[in-house]
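Colleague: Start from chain A and add chain B according to the hints.
Protein sequence lines, in the order shown, are assigned to chains A and B. The first sequence maps to residues 196 to 399 in the working numbering. The second sequence maps to residues 196 to 399 in the working numbering.
A portion of the hints provided could be inaccurate.
One copy or two, it doesn't matter: identical chains are merged, so the pair holds either way.
Claimed, not checked - Result set (DSS-like, lysine-lysine): computed pairs, CA atoms no more than 30 Å apart in a straight line: (1) K214 / K247; (2) K214 / K398; (3) K200 / K299; (4) K247 / K200.
Hints in this document: simulated from the structure, not taken from any laboratory. Computed from a predicted structure; not experimentally measured.
Protein chains: 2
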Amino acid sequence: MSSIKLPRAVTDLVDSFEKLPGVGPKSAQRLVFYLLHNPERELESFAENLLKLKKNTVLCEQCHNVSETNPCPICADESRDDSMLCIVEQPLDVLALERSDAYKGRYHVLHGSIAPLNNIGPEQLYLHDIVKRLEGVAEIVLATNPTMEGEATALYITEYLTQASVPTTEIVMTRIGHGLPIGADIEYADGMTLSRALEGRRKV
Amino acid sequence: MSSIKLPRAVTDLVDSFEKLPGVGPKSAQRLVFYLLHNPERELESFAENLLKLKKNTVLCEQCHNVSETNPCPICADESRDDSMLCIVEQPLDVLALERSDAYKGRYHVLHGSIAPLNNIGPEQLYLHDIVKRLEGVAEIVLATNPTMEGEATALYITEYLTQASVPTTEIVMTRIGHGLPIGADIEYADGMTLSRALEGRRKV
Numbered sequence: 196m197s198s199i200k201l202p203r204a205v206t207d208l209v210d211s212f213e214k215l216p217g218v219g220p221k222s223a224q225r226l227v228f229y230l231l232h233n234p235e236r237e238l239e240s241f242a243e244n245l246l247k248l249k250k251n252t253v254l255c256e257q258c259h260n261v262s263e264t265n266p267c268p269i270c271a272d273e274s275r276d277d278s279m280l281c282i283v284e285q286p287l288d289v290l291a292l293e294r295s296d297a298y299k300g301r302y303h304v305l306h307g308s309i310a311p312l313n314n315i316g317p318e319q320l321y322l323h324d325i326v327k328r329l330e331g332v333a334e335i336v337l338a339t340n341p342t343m344e345g346e347a348t349a350l351y352i353t354e355y356l357t358q359a360s361v362p363t364t365e366i367v368m369t370r371i372g373h374g375l376p377i378g379a380d381i382e383y384a385d386g387m388t389l390s391r392a393l394e395g396r397r398k399v
Numbered sequence: 196m197s198s199i200k201l202p203r204a205v206t207d208l209v210d211s212f213e214k215l216p217g218v219g220p221k222s223a224q225r226l227v228f229y230l231l232h233n234p235e236r237e238l239e240s241f242a243e244n245l246l247k248l249k250k251n252t253v254l255c256e257q258c259h260n261v262s263e264t265n266p267c268p269i270c271a272d273e274s275r276d277d278s279m280l281c282i283v284e285q286p287l288d289v290l291a292l293e294r295s296d297a298y299k300g301r302y303h304v305l306h307g308s309i310a311p312l313n314n315i316g317p318e319q320l321y322l323h324d325i326v327k328r329l330e331g332v333a334e335i336v337l338a339t340n341p342t343m344e345g346e347a348t349a350l351y352i353t354e355y356l357t358q359a360s361v362p363t364t365e366i367v368m369t370r371i372g373h374g375l376p377i378g379a380d381i382e383y384a385d386g387m388t389l390s391r392a393l394e395g396r397r398k399v
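The shape of chain A in the complex, shown without the other chains (with noise of 0.2 Å):
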């Protein structure tokens, strides 16, 4: 076995690739010999990004979003609907239902969903710290993705405001629609998805 190795610097490049989600020891390698051949200056920008993602970002205490301010500008906002809390996994699932332009209450960021396989339990949700949020509150929509992980956080959060005696009898719980996306094909669905929007059927 000869004992040729790469130089250092470039296999500690490669550790930190391997990190990521998805990046494995092959697509890591090949992305740090990508790099090698940019220009310094393109590295020191990809490394002062890296610096400034916790520097100049903090989660709004109130919906934990990801933010520039605290609270955040839709915490802010005081044109937007007190009455509605939309609970959602990520923030990119606050960006989401902000395009979709259907939703004009407030949100509460969990920062992830409930996976006892990955060992992510309530406690390391933003969770419970959804009762401080209820004042006004007249709908809570469980907007958690519709994967087992998203169903068992949204079951969860109905029963530990059911305990936390909550006033659920004010409070309507509601979960967002599941069915068919616009645009797709009734032969292709899934039947899960199909026998969802069968249930979720509304009259014309």
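Modeller: Just chain B now, with coordinates in the frame of chain A:
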């Protein structure tokens, strides 16, 4: 359309990731939000490793391999066979050949292959200085990849060396062997590989 945007620090880092090959906007976003949940120390070490990459490495002036020293350990090793020169596309190819323990000669790293579709011509590669390295060389092994670009590059090198009046009567030009990889199944081999494997058959 809502005016809610991601913080600048987030979009800047998304941009940096998007520049990497094979990373689209969606996966760049996912990587950034993953990093957002990492401790700051991790981000700092990632940034340090990026900055170290070019500062602590150098391209060997002789073979152009990535190294910590110039000349690189292989070029500096006097026990290696000066009569063989193996031309490869990438530094990782050198590493793979070294792992095989089947080659004891010198290397020459092109840092790419001729790919007109990506605007990479012979001028963008460390190709024309091969002629300066032929003293005492008895065999040139063309070990570019068995892809369209690799084949074109091997062909170009052969023609270039002939035109540069390299005494090709004294220097044998060989192409690395093509055929079935060890452990492969003839049933599943593609036609091109099988035809190359038949061409390269040997007496037992």
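Colleague: Each hint needs a verdict: does it hold in this structure or not?
Modeller: Hints versus structure:
1. K214 / K247: both (19 Å within a copy, 18 Å between copies)
2. K214 / K398: neither (50 Å within a copy, 48 Å between copies)
3. K200 / K299: between (57 Å within a copy, 15 Å between copies)
4. K247 / K200: between (33 Å within a copy, 17 Å between copies)
In terms of the numbered hints stated before, the structure departs from hint 2 and from no other.
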